[in-house]
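These protein sequence lines are chains U and R, in that order. All letters in the first sequence, in the order written, are residues 11 to 174 by the numbering used here. All letters in the second sequence, in the order written, are residues 18 to 270 by the numbering used here.
Keep in mind that the hints were calculated from the coordinates and are not lab data. Each residue gets a CB set at the ideal place from its N, CA and C atoms; glycine is no exception. Certain hints may be false.
[Claimed, not checked] Example chain U residues on the side facing chain R (calculated, C-beta under 10 angstroms, incomplete):
no.: 1; residue: Leu-22
no.: 2; residue: Val-33
no.: 3; residue: Phe-39
no.: 4; residue: Trp-41
no.: 5; residue: Arg-43
no.: 6; residue: Leu-48
no.: 7; residue: Thr-142
no.: 8; residue: Val-144
no.: 9; residue: Ala-146
[As the list claims (entries may be wrong)] Estimated spans, in silico, between C-beta atoms of each pair:
no.: 10; chain 1: U; residue 1: Leu-30; chain 2: R; residue 2: Ile-214; range: 53 to 61 angstroms
no.: 11; chain 1: U; residue 1: Arg-53; chain 2: R; residue 2: Gly-160; range: 32 to 40 angstroms
no.: 12; chain 1: R; residue 1: Cys-191; chain 2: U; residue 2: Asp-58; range: 45 to 53 angstroms
no.: 13; chain 1: R; residue 1: Val-217; chain 2: U; residue 2: Leu-30; range: 41 to 49 angstroms
no.: 14; chain 1: U; residue 1: Ala-65; chain 2: R; residue 2: Val-183; range: 56 to 64 angstroms
no.: 15; chain 1: R; residue 1: Arg-75; chain 2: U; residue 2: Leu-15; range: 45 to 53 angstroms
no.: 16; chain 1: U; residue 1: Asn-42; chain 2: R; residue 2: Leu-76; range: 56 to 64 angstroms
no.: 17; chain 1: U; residue 1: Ala-65; chain 2: R; residue 2: Thr-241; range: 49 to 57 angstroms
no.: 18; chain 1: U; residue 1: Leu-15; chain 2: R; residue 2: Ser-71; range: 41 to 49 angstroms
no.: 19; chain 1: R; residue 1: Glu-83; chain 2: U; residue 2: Ala-88; range: 56 to 64 angstroms
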Amino acid sequence: MEDLLKPDYGVLVLTICNFLLLVYLLKKFAWNRIISGLENRERQIAEDKKQAQEARTAAETIKRELDEKLAQISDEAAKRLAEAVKLGEAQKEQILSAAKEQSERLIEQAKTQIEAEKNKALSDVRGEIARTAVLAASKVVQQQMNEESAKSVVARVLEEIKEK
Amino acid sequence: MDVAEIISHHILDHDWGVTLSGFRLPITTHTVTLFAVSVILLLGLHWISLGRQSRSGRLLTTLIEEYVTFIRDGIVLPNMGQEGKRFLPYFCTLFLFVLCSALAGLIPNMKTATANISVTAALALCSGGLILYCGLKFHGIAGFLKGFIPSGTPGWLVPLIFPLEVISMIIKVCVLAIRLFANMLSGHMVLICLLLIIFVVGQMHIAAGAGALLPAMGLELFMTLLELLVAFLQAYVFTLLTSIFAGSVIHTH
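Based on the sequences and whatever the hints tell you, model everything.
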């Protein structure tokens, strides 16, 4: 068992040579390629990440600008809509007022015309009645009444008609 | 039945007795294991590095890249800084070499090479060489030696502190070897002892031996799993400590 702690210098030297040779060969045939591949990919990833970050920043800027523009457009649209509504209201009031005036004028004209027509008709009716009454009365009291009494009768008849 | 002899046979290295012109060549079970591990690592990693476009090839490439990232970001850069990046291939190789040498012992007819003090001492000497190289490379001889004297040390204490610090660094390197060796050796000794329980108890009575079979095998399985964990842990500790010691001579303050 004491051999456990007894160094074998041949093994020691051979192990050193073996290990150092392995380090050299692995560096030459494996590690350099693996490490450079890894670093290239890391660099590529870092570059992609940076580009993505820049694109994100640009997109955020564009979005902010568009949002601002959209807000401006919304404000403008709301303002124009309010103006249009106001204008519409004014025009509506104007149209209504004009229509009312015109209708009132037409009604007034119609009333005047009706009144004139009515008066004319009444006058015509009165004349016709008087003539008819005189004719009737003259036939009844033909030769029994003089002209004066006839007028008095006609006047009374006309009074009665007015009262009716 | 000589238990000590069986344990020794299981643990100790075996010289294959190869000589060249009367000069003994150190061809032993452990060196052959290390050579086999080296060849497998070299061929395997070279194949992976070629980046085959098959699904398994891509999977292995990703796995190895994750491993390199772990060694770089988890061990080398935190302890050695950006200066340590040039030594990344060394640390990547060191971790895999220690790990595979330990795991080789779990394969039948192969041995755990890191349960040999000569092997762990060789690895520790390589790490010591790296630490020395880092110190001389980044600070020069005078700067490296000056790094052994903590700042603020009174002049009259320097002759005392300097040798102590140098010895401390040497001990740190030696401890690297002893820690790995002791952990691997103890694990294997426990494994063989658990197996021997069956035969020792069986020599007393065959029924007792049969009764000890199941508990001993259960413990054996448990210890094997523990050995697996210890293999990873020790590879990590060896690599981490090497990077810490190398980092301490690069960044002296």
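Exercise. Using 10 angstroms as the Cβ threshold, decide whether U:Leu-48 counts as touching chain R.
Key: Since the shortest Cβ distance to chain R is 5 angstroms, the answer is holds.
Quiz prompt | Interface hint compliance - U:Val-144 to chain R, C-beta minimum distance less than 10 angstroms | solution = At 136 angstroms from the nearest chain R Cβ, U:Val-144 fails the 10 angstroms test, so the hint is violated.
Exercise. Hold the hint about U:Trp-41 up to the distance rule: shortest CB distance to chain R must be less than 10 angstroms.
Key: With Cβ-Cβ at 4 angstroms, under 10 angstroms, it holds.
Practice problem: Hold the hint about U:Thr-142 up to the distance rule: shortest CB distance to chain R must be less than 10 angstroms. | Solution: U:Thr-142 check fails; min Cβ-Cβ to chain R is 130 angstroms, beyond 10 angstroms.
Quiz item: Holds or violated: is there a CB of chain R closer than 10 angstroms to the CB of U:Val-33?
Solution: holds, 5 angstroms
Exercise. Starting from the hint 49 to 57 angstroms, judge whether the C-beta atoms of U:Ala-65 and R:Thr-241 obey it.
Key: holds, 54 angstroms
Quiz prompt | Satisfaction of the hinted span 56 to 64 angstroms by the C-beta atoms belonging to R:Glu-83 and U:Ala-88 | solution = holds, 59 angstroms
Practice problem: Hint says 41 to 49 angstroms; check whether the CB-CB distance for R:Val-217 and U:Leu-30 agrees. | Solution: Hint holds: Cβ distance 44 angstroms, inside 41 to 49 angstroms.
Quiz item: Can the suggested window of 56 to 64 angstroms be confirmed for the beta-carbon pair U:Ala-65 and R:Val-183?
Solution: holds, 57 angstroms
Quiz item: If you check the beta carbons of U:Leu-30 and R:Ile-214, does the distance land in 53 to 61 angstroms?
Solution: For R:Ile-214 against U:Leu-30, whose Cβ atoms are near 42 angstroms apart, the range 53 to 61 angstroms is violated.
Quiz item: When you take the CB atoms of R:Cys-191 and U:Asp-58, is the distance between them in 45 to 53 angstroms?
Solution: Roughly 48 angstroms apart at Cβ, these two residues keep to the hinted range, so it holds.
Quiz item: Should the interface hint for U:Arg-43 be scored as holding, given a Cβ-Cβ cut-off of 10 angstroms against chain R?
Solution: Status holds, d = 4 angstroms.
Checked against the numbered hints listed earlier, the structure breaks hints 7, 8, 9, 10, 16; every other hint is satisfied.
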